[in-house]
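Enquirer: Turn these sequences into a full structure, and let the hints steer you where they fit.
Heads up: the sequence lines are chains A and B, in that order.
First residue of the first sequence? That's 1 in full-length UniProt numbering, and the numbers climb one at a time after it.
First residue of the second sequence? That's 1 in full-length UniProt numbering, and the numbers climb one at a time after it.
Since the hints were made in silico from the structure, they are not lab data.
The reader is advised that the hints may include incorrect statements.
Over 12 Å on every C-beta distance to chain A, these chain B residues come out as not near it, computed from the model [stated by the list, open to error]: (1) Cys43; (2) Ala52; (3) Ser53; (4) Arg151; (5) Asp202; (6) Pro227; (7) Pro261; (8) Gly264; (9) Gly270; (10) Lys318; (11) Arg343.
Selected chain A positions facing chain B (in silico; Cβ < 7 Å) [unchecked claim]: (12) Pro86; (13) Val226; (14) Ile235.
Some but not every residue of chain B turned toward chain A, in silico, with C-beta under 10 Å [claimed, not checked]: (15) Lys87; (16) Gln110; (17) Asp136; (18) Gly247; (19) Ser274; (20) Gln306.
Please read these numbers as outputs of a predicted model, since none were measured by experiment.
We treat Cβ as the ideally placed atom computed from N, Cα and C, and that holds for glycine.
Chain by chain, the residues:
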Amino acid sequence: MGRKKKKASKPWCWYCNREFDDEKILIQHQKAKHFKCHICHKKLYTGPGLSIHCMQVHKEAIDKVPNSLPNRSNIEIEIYGMEGIPPEDIKEHERQKTGGGKASDSDDDEPAAKKKATSALLGPGPSSVTPGILPTPMGPVPPGMYPGPMAMNPMMPHFMQQRMMMPGMRPLFPAASIAVSTPSKPTFPAYSNATISAPPTTSSAAADAKENGDVKPPAANSCPLVTATGAGSKIIHPPEDVSLEEIRARNIKYRPKPKPDAPSTPVSAPPMITPSTSQAEHNFQVAAHMSAAVAAARQQQAAAMRRPMPMGMMGMLGQVRVPVPVSMPVPVLPVMPQFNLMRPLQPGMLLPGGMMPMSAMFPGGVPGLPMMQPRFR
Amino acid sequence: MFSGNNPHKDVEVSSPPDDTVSALEFSPPSVPQTFLAAGSWDCQVRCWEVEASGKTVPKAAQNMTGPILDVAWHDDGSKIFMASTDKSVKCWDLASNTAVQVAAHDGPVQTCHWVKAPNYTCLMTASWDKTLKFWDTRSAVPIMAIHLSERCYCADVDYPMAAVGLADRGVCLYSLEGKPAEVKRVESPLKYQHRCIAIFKDKKTKQPTGFALGSVEGRVAIQYVNPTNPKDNFTFKCHRSAGTTGGYQDIYAVNDIAFHPVHGTLATVGSDGSFSFWDKDARTKLKSFESLEQSLTNCAFNHSGQIFAYAMGYDWSKGHEHYNPAKKNFIYLRPCFEDLKPRST
Numbered sequence: 001m002g003r004k005k006k007k008a009s010k011p012w013c014w015y016c017n018r019e020f021d022d023e024k025i026l027i028q029h030q031k032a033k034h035f036k037c038h039i040c041h042k043k044l045y046t047g048p049g050l051s052i053h054c055m056q057v058h059k060e061a062i063d064k065v066p067n068s069l070p071n072r073s074n075i076e077i078e079i080y081g082m083e084g085i086p087p088e089d090i091k092e093h094e095r096q097k098t099g100g101g102k103a104s105d106s107d108d109d110e111p112a113a114k115k116k117a118t119s120a121l122l123g124p125g126p127s128s129v130t131p132g133i134l135p136t137p138m139g140p141v142p143p144g145m146y147p148g149p150m151a152m153n154p155m156m157p158h159f160m161q162q163r164m165m166m167p168g169m170r171p172l173f174p175a176a177s178i179a180v181s182t183p184s185k186p187t188f189p190a191y192s193n194a195t196i197s198a199p200p201t202t203s204s205a206a207a208d209a210k211e212n213g214d215v216k217p218p219a220a221n222s223c224p225l226v227t228a229t230g231a232g233s234k235i236i237h238p239p240e241d242v243s244l245e246e247i248r249a250r251n252i253k254y255r256p257k258p259k260p261d262a263p264s265t266p267v268s269a270p271p272m273i274t275p276s277t278s279q280a281e282h283n284f285q286v287a288a289h290m291s292a293a294v295a296a297a298r299q300q301q302a303a304a305m306r307r308p309m310p311m312g313m314m315g316m317l318g319q320v321r322v323p324v325p326v327s328m329p330v331p332v333l334p335v336m337p338q339f340n341l342m343r344p345l346q347p348g349m350l351l352p353g354g355m356m357p358m359s360a361m362f363p364g365g366v367p368g369l370p371m372m373q374p375r376f377r
Numbered sequence: 001m002f003s004g005n006n007p008h009k010d011v012e013v014s015s016p017p018d019d020t021v022s023a024l025e026f027s028p029p030s031v032p033q034t035f036l037a038a039g040s041w042d043c044q045v046r047c048w049e050v051e052a053s054g055k056t057v058p059k060a061a062q063n064m065t066g067p068i069l070d071v072a073w074h075d076d077g078s079k080i081f082m083a084s085t086d087k088s089v090k091c092w093d094l095a096s097n098t099a100v101q102v103a104a105h106d107g108p109v110q111t112c113h114w115v116k117a118p119n120y121t122c123l124m125t126a127s128w129d130k131t132l133k134f135w136d137t138r139s140a141v142p143i144m145a146i147h148l149s150e151r152c153y154c155a156d157v158d159y160p161m162a163a164v165g166l167a168d169r170g171v172c173l174y175s176l177e178g179k180p181a182e183v184k185r186v187e188s189p190l191k192y193q194h195r196c197i198a199i200f201k202d203k204k205t206k207q208p209t210g211f212a213l214g215s216v217e218g219r220v221a222i223q224y225v226n227p228t229n230p231k232d233n234f235t236f237k238c239h240r241s242a243g244t245t246g247g248y249q250d251i252y253a254v255n256d257i258a259f260h261p262v263h264g265t266l267a268t269v270g271s272d273g274s275f276s277f278w279d280k281d282a283r284t285k286l287k288s289f290e291s292l293e294q295s296l297t298n299c300a301f302n303h304s305g306q307i308f309a310y311a312m313g314y315d316w317s318k319g320h321e322h323y324n325p326a327k328k329n330f331i332y333l334r335p336c337f338e339d340l341k342p343r344s345t
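Expert: This is the structure in structure tokens:
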């Protein structure tokens, strides 16, 4: 029990929840894993430092800290070792270590760096999955938005995050989740420990999935990972044992657009055919080719929409989610599709800078802004 | 036609979808022409007329608010049902080119099937919300809703039988006679996630008698509902790399299975980009084809068994990083009647 207290004071990395024996090593870790430029491999000192470096030297915008947990990817927060960590996260970490951390600290007395070195030598197992094919759990990030570091340094936290989705299903109960992540143990023991003690991430991952209309993947007892049994084979499938469709549907690109037949606007102005939305559609979907047929179809669809349809209500209720009040006034509706695209971005994340400038996102009115945190502006 | 990239010289369907195909269905025998419907991740369902020459003419398209996960034809060929991640199913009337919502779920709808019984018709939908629902298409409430133990990953209907594959690797079998009722739950013969299921008929009675189930681990199980001999059930491997790459054999998901309507033989398509024809009774591979450059996501036979259609596009099996939107998606048509003939007849 006294042992645990000691652990709680160990330095840890805010970006990936990994613990270190020494703050010096933590800083080395951060420089190597989170503050390294994916283009020239220069090691910077902080997230903002990396961001500025990439912008000025390579003219490339970086919106997330490489290899970070989804909710810890904010590049604007200045963190150096243990300095600069938001106090609430420190508290949360402390709470986690003392409260539910029993199962997590089994054998990480050894310096983590040493372990990592040996783990690379370990044979098949989860590591048999080629790094390149590891999916990131960051559904909301469209492909291509952040290609660099993933390709550069695919070995770890992304990999771990993937795993993390699993404990997420058994919320905040490390005893259960350690059983789940057992298969991953031999690969990165140090990391899997860190993983387990990361409740904020897991819950956000779960919330993320839920938001998309996903049902949470199976609980601990049914095999949660797709890994080949034989040593000489590997299954070409993301490690998470949910269908390819579910994984794909999490991607921001494939989020359903809000339905035009909102309950608050039962009849008029189906946004599908207003110019502002079709522009948004154009941004995120490749334009339809059979344009004549489509145009006709749309008009008829719109006509069909006008028919009173009780089921539309049911569908819509499921659609409207937290940030968009159900009683949203009519004129705002056409903006909803864009607004919807914003939603999956977590508070800590930055907007993909060059991709959609704010002015374009809210052509008129800027209805969503008051809800956003200052850093979005 | 730019079919230069198809090593099998199969005919390319014109104006293919802008994103990966998620569902592929030929029109039923009730219509004289042959139509092909395809749903896609670009939220559209497209319909082509397939002429005898193999030429395809785009006829119409319909949008939904989310990616399409399944399509089904009405038995009279006048309508197409479209299931989407937007939690709804719409009925697209081809004559008037209008679509109306006919079913709703609390989660994305994985499958939809039109059930044609002598005394009733209905639409069966299964979703990630762990329910299976039956709709008469005129009412906002389902005729019947059945709770599933897990999310539905695949389903097939061949009256009077329905089979639903679940995320917990269970398979539920339903009898649709009179009204839908669960017959039994089969524990999976496969150790990995279910991906596709197809019902097959008995050769003599022409009644559905079992199903083929494909998993992400390059394996298909042939299961009889009531096997006369326990050895009738078996599994076979498929869609695996022939050699080893870097010391590992690559195992790919079986993305779709289709039974030939005349011969009773079957075709499988996989993430490895290849398709194969099999004879389950002789337990032999009839023909296999070299891999295409991208995964094959779906396949279908037309009602006469003359045409085999398969769709090529990225299926996410290597994660989203490997998605290259610049790569075109294709649907190919192949004359297949001879290739699928069982050898010993």
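Enquirer: Each of the hints needs a verdict: does it hold here or not?
Expert: Hints, verified against the model:
Taking the minimum C-beta to C-beta distance to chain A, about 7 Å, the non-interface status of Cys43 (chain B) is violated against the 12 Å cut. Interface exclusion of Ala52 (chain B) from chain A stands, the closest Cβ pair being 23 Å apart, more than 12 Å. The beta carbon of Ser53 (chain B) sits about 21 Å from the closest Cβ of chain A, which is more than 12 Å, so the claim that it is off the interface holds. With a least beta-carbon separation of about 5 Å from chain A, Arg151 (chain B) fails to lie farther than 12 Å from that chain, contradicting its non-interface assignment.
Non-interface call for Asp202 (chain B) relative to chain A: holds, since the shortest CB-CB distance, roughly 30 Å, exceeds 12 Å. For Pro227 (chain B), the condition that its CB be more than 12 Å from all CB atoms of chain A holds, with the nearest at approximately 26 Å. Consistency note on Pro261 (chain B): stated as away from chain A, and its beta-carbon is indeed over 12 Å from all of that chain's, at 26 Å minimum. Its beta-carbon lying about 28 Å from the closest one in chain A, Gly264 (chain B) satisfies the requirement of being farther than 12 Å from that chain.
With 12 Å as the threshold on Cβ separation, the claim that Gly270 (chain B) sits away from chain A is violated: the shortest Cβ distance comes to roughly 9 Å. Distance check on Lys318 (chain B): its Cβ comes as close as 4 Å (rounded) to a Cβ of chain A, failing to clear the 12 Å threshold; non-interface status is violated. With a minimum CB-CB distance of about 30 Å to chain A, Arg343 (chain B) clears the 12 Å threshold, and the non-interface call stands. The interface hint given for Pro86 (chain A) is broken, as the beta carbon of that residue sits about 29 Å from the closest beta carbon of chain B, more than 7 Å.
With its C-beta approaching chain B no nearer than about 6 Å, Val226 (chain A) sits inside the 7 Å limit, and its interface hint holds. Taking 7 Å as the C-beta contact cut-off toward chain B, the hint placing Ile235 (chain A) at the interface holds, the least distance being around 5 Å. For Lys87 (chain B), the interface hint holds, since its Cβ comes within 10 Å of a Cβ in chain A; the closest pair sits about 5 Å apart. For Gln110 (chain B), the interface hint holds, since its Cβ comes within 10 Å of a Cβ in chain A; the closest pair sits about 7 Å apart.
For Asp136 (chain B), the interface hint is violated, the least distance from its beta-carbon to any beta-carbon of chain A being 13 Å, above 10 Å. A cut of 10 Å between beta carbons decides the hint on Gly247 (chain B): the least distance to chain A is about 7 Å, and the hint holds. The restraint placing Ser274 (chain B) at the interface with chain A is violated, with a minimum CB-CB distance near 13 Å, outside the 10 Å limit. At its closest, the beta carbon of Gln306 (chain B) sits 26 Å from a beta carbon of chain A; the interface hint therefore is violated under the 10 Å criterion.
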